[in-house]
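Protein chains in written order, with the working numbering: chain P, 277 to 677; chain U, 210 to 624; chain V, 362 to 679.
Derived by calculation from the structure, the hints in this document are not laboratory data.
Be aware that a few hints might be false.
[As the list claims (entries may be wrong)] Taking lysine to aspartate or glutamate and the EDC-like style, the derived pairs with C-alpha atoms no more than 16 angstroms apart in a straight line are:
(1) Lys489(U) with Glu561(U)
(2) Lys385(V) with Glu571(P)
(3) Lys489(U) with Glu563(U)
(4) Lys479(V) with Glu406(P)
(5) Lys336(U) with Asp524(U)
(6) Lys386(U) with Glu440(U)
(7) Lys309(U) with Glu621(P)
(8) Lys336(U) with Glu244(U)
(9) Lys627(V) with Asp593(U)
(10) Lys336(U) with Glu527(U)
(11) Lys432(P) with Asp452(P)
(12) Lys309(U) with Glu288(U)
Just so you know, these numbers come straight off a predicted model, no measurement behind them.
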Amino acid sequence: MTERQRSVANPEHTRDRDDDATLRRDGEARRELRENSPTEREFDATLPYQAPGYEPEGHPAPGKAALYDDNTAPGQPQPAKATLMTQGTQPAMVPLQATGAQAELERSGAARPAQANYRIRGGSVIRPSETNLLLTNLLLVAVSILFAFPVYWVIKTSLQGSGGLLSTEFSLLPQDFTLSNYSRVFGDRGFWRSLLNSFIFAGGTTLLSLVLAISAAYAYSRMRFRGRTPTLWAMVLLQGVPATATIIPLYILFVNLGLIDTYWGLIIAYTASTLPFSIWMMKSFFDTIPKDIEEAAQVDGASLNEAFLRVVLPLSLPALAITALFAFFTGWTEFLLAVTFINSEQLLPLGVRLYSVVGENTTEWGFFAAMAVVFALPVMIIFIAFQRYLVGGLTVGGVKG
Amino acid sequence: MKYSKAMVATSVLALLLPLLSACAGSPAAFIANAEAASAQNGSTCPRPLVIWPATGDNEDAYLLDLGRQFQQQSGVGLELLDMPFDDILRKYVTAVPSGKGPDILLGPSDWTGLLGEGGYVVDLTGKYDTGRFLENTVEAATYQGQLWGVPKSFEVVAQYYNADLLEQPAESFDTLKQLSPGLAGGNYALAYDITNFYFSAPFLYAVGGELFDENGEFVLTEEAATAWLTELRDLQNEAALPREVTSESANALFRGDNSATFFSGPWEVEGFRELGFNWKVANLPAVNGQPARPFLGTKVMFISSTSPCQQAALDFIEFSTQPEQEVAWVRDVNAAYLPAARAPYEDPVLAESEAVQSFLQQAETSVPFPNAPGVGQIWTPGLDALTAVLNQGADPATAARQMVETIRENLEVRE
Amino acid sequence: MAIQSQSRRGAAPAASKAVLEGFKGTAAPYYYVAPALLVMAIITFFPIIYMVYLSFRNLTALNLISGSEFVGLRNYANVLGSLDSTFYTVTLRTFVWTIINVFFHITLGVFLAIQLNKRGLRLAPIYRTLLILPWAVPTVVSALMWRTTLYDYNFGAFNQFLSAAGLPAVSWLQNATNAFIAVLLFNVWAGIPFNMLVASGALKSIPDELYEAAVVDGATPLQQHRSITLPLIRPTMIPATILGIIWTFNNLLAVYLITQGGPSGKTDILLTYLYRTAFLDNNFLYSVASAITVIVFFILLAFVLLNVKISGAMKEEA
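Looking at chain P on its own, in the form it has when it is part of the complex:
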């Protein structure tokens, strides 16, 4: 998992139904349904389309008797009945495909009165039977435990009595519960130094990244200039190239320039690695802001630069936040460049310090685990809180969701 995966919400990714792509998809799906459905059905056009199982008063739903319980095995002969015809029913199907949030609201309101009247009958994958749901819960419990287990284990280790090395017994709860590991971490001067270094690297990268990326992205979005397309291509292509691919010449360069073991060297290296993605993402975002806004501001007497600073930027806070977050993560958790370019213990960021603690023969894992928790906790909280914004669309490469 690389930092690239902390990708950003594509401003163009929406769930709107009035999206060409969605319409196309639905049309595709309709076609597929037609092709794949076992039999043809007839549709009673006198009734408005309803969800299966819905019985408006006095109108038994067509083919109600024919609805299957779950567990009908595929291939079993289907009882005859009147059901939905899926061909040539475009007009009648329109309500299903009604676009726009409003229509959806109406439709769902109309078609789904009180829950009590609405019973799930079919084996829909999204509304499965009770049994299925139970099994699913069990499965998810098991998988969740598996996924969370390593994280739990480290937290447990950090709370375990350090008394030297650990015993070889397997115990789920901390043996000899203690907070001493944490107090040792917080009492370690090296830890504080590394914490400070991490803040410097992360903060410096964030600041520099923001300043550089915003301006450049705005230019790419709003202006045309010579060299625009080739450099834009470079932004796209470089997103797939990891920093490690250029680490060797960069290393030689830094050695010759004396940038090894300096804050500045690593900060600009990090910034450069975040720029392709940040610029691309911000450019895509700016693209969705109509230029009328700046033109309106101009009419009000602002210069173009002012329009940018005072009008567009404030509108871009979400994208700014994401650029900042991404840059901060890079600076905080990046490992390889740090380990190659920083030799002196004074400048070690926290991630590298963690690694060096492990490297020694008599690792005291309580200590390591405590430091790991302190290092990871802020990052994890932010991730969990902002997960929706961090995923969503695949803007690396600028995919339109």
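Using the hints provided, position chains U and V relative to the given structure of chain P.
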């Protein structure tokens, strides 16, 4: 336009300023500056000397102590930077060309060729009299005729044996093979880190193989390698050695009186002394009448070429290799520390130490560890070959061929 | 605070082609992009050129100070020359690594997303939070966690668990095959959540009515997935897969932190092999590593170009 211009100006300045200052030097410039500064400083140094020692923790403390004594004498202090052994060389070759790095590096003689020819350390040819050191150790600090450092200590792998279990040390592989039936149940005749090339290589020389010749050329033949692997395999089988032994487990077996012999170096002495069992040191067993020839690993003190206090560094090196300091080291820190200087051996502390004398004796048939750059290429192929034959039952001839070819390929790439 | 653009959806096409006339002909664009491009020139563009330059020379730690010499294509010949050279083994291993990882990431991610998408799961938020933990933890921490607290021979949880169950302990990291599996296990664990989230997003956009219509038509769950779920998430998952391929291919951190490419370089993937050639084992073969990097670059470029084509990212710029 104000915004854009202002922003550009600031960021460009902010970016370039550090770069400009960084452009102050290239490696060559740093070295030249350092020489000039050293000439100016003479025997003084505006800041404490910095040493990067590739040693254990006890010795770190003792080095600092030496530093304090030196400071009283000369006014120049000593600082020590500790780091994992695997990282030291990489950090050194990164730091020195950048103008950073220590004044003194205490490292194994394997590095002499690389550091010397690469320009990382100061050429001491003609500037320092090495007559008072053992010849083998001076050889280790010399590459292609130039003296690149001052030898500090050496170590050699020898045979430890449990005098309670054995009256005599094992003299040859055959002795070992005959031993095992006679030992009490559950005990091994021998347990050592057999797949580690460093510990098994002495027997390669015993069967007539040679790794590098005087010019640093790789001259190992497949026949020798095959013979060597075969002998070891036979030893493992016929002397009933334990399988898949690691150095920790071999150590544990010997300490626990569960194995009669153990091949290792002087660094074990301190640990064994504390346990107080009856151990002794002797030469390694011979193979088919030929003596085993372990590597003579020398620790050398190098002076960085970018140090501005080169004379002061040399003074400290001189000071730390005086008999008085060396003897104190043996007495207080490490009973099996083997100084490279000759004089300390006349002191009773060393003269009467059985361990020291035994190691010294083994050192007479030792092979100075080659110090050409690229010598580090032998370890992994050696390990692979040993593991294949001893742990996985591969055919010695195939493994030998694989090993020789791999080493040759790796060395070619480095030309 | 979702991204504001939703309501501007209709205006998007016009905006993306919006060029502010006011900037035409001025030097403003250059001022705006210069700093960013300058930094990238120093850290990215120039090093790439320098790397190609270095790959034709013989730079190692030995001649770093004194200067390297021109050796033409020798590095490439050494690296690519013989078919059983390490480079090909490592490349093969990297592809295997990538394919296995991405396969499990996508299939298990989609599977879990489908499970989570079922209505009526009251505990869904809890599941979701737990399931994204592997992704939320920084790789540095999680990889080291796995290496020390899980894989250690004596004290790791896995072996403790095995011995508690009466089974023999396994040497996870010393044995080449086990080590590869160990790193695979870790990376699969770490990569599923992201794909699960992506699939979840895609699943949410499938209207429920489609499923219900299918049920009425008598489709079984399997058929429902085949005809509705999979086709509809395909547009999202295909780019996700390609991205996953790129990221996994590049993921040297997982390998480096857990095995360092060991034992003896037997779990190296291309990027760790590259790093090892330059910085580990006291190799310091900078030029050879540069040659390898150039080759890797071409491979990566191919993937990225594929991604660009499939995602249509640059279509509007054409």
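Now for the hints, and whether the structure bears them out:
1. As the CA atoms of Lys489(U) and Glu561(U) are separated by approximately 14 angstroms, the hinted pair is consistent with the 16 angstroms bound.
2. Proximity of Lys385(V) to Glu571(P) is assessed by CA-CA distance (about 14 angstroms); at most 16 angstroms being required, the pair is judged to hold.
3. For the hint linking Lys489(U) to Glu563(U), the alpha-carbon distance of about 8 angstroms falls within 16 angstroms, and the restraint holds.
4. A threshold of 16 angstroms between alpha carbons decides the hint, and for Lys479(V) with Glu406(P) the separation of about 11 angstroms falls inside it, so the pair holds.
5. Annotation: proposed proximity of Lys336(U) to Asp524(U) holds, straight-line Cα distance about 12 angstroms (limit 16 angstroms).
6. With a C-alpha separation of about 12 angstroms, the suggested pairing of Lys386(U) with Glu440(U) holds against the 16 angstroms cut-off.
7. Restraint check: the Cα-Cα separation between Lys309(U) and Glu621(P) comes to about 13 angstroms, which is no more than 16 angstroms; the hinted pair holds.
8. For the hint linking Lys336(U) to Glu244(U), the alpha-carbon distance of about 14 angstroms falls within 16 angstroms, and the restraint holds.
9. Note on Lys627(V) and Asp593(U): the hinted pairing holds, with a Cα-Cα distance of about 11 angstroms set against a maximum of 16 angstroms.
10. For the hint pairing Lys336(U) with Glu527(U), the CA-to-CA distance comes to about 12 angstroms; that is within 16 angstroms, so the pair holds.
11. This hinted pair checks out: Lys432(P) and Asp452(P) have alpha carbons roughly 11 angstroms apart, not beyond 16 angstroms.
12. Annotation: proposed proximity of Lys309(U) to Glu288(U) holds, straight-line Cα distance about 15 angstroms (limit 16 angstroms).
Of the numbered hints stated above, none is contradicted by the structure.
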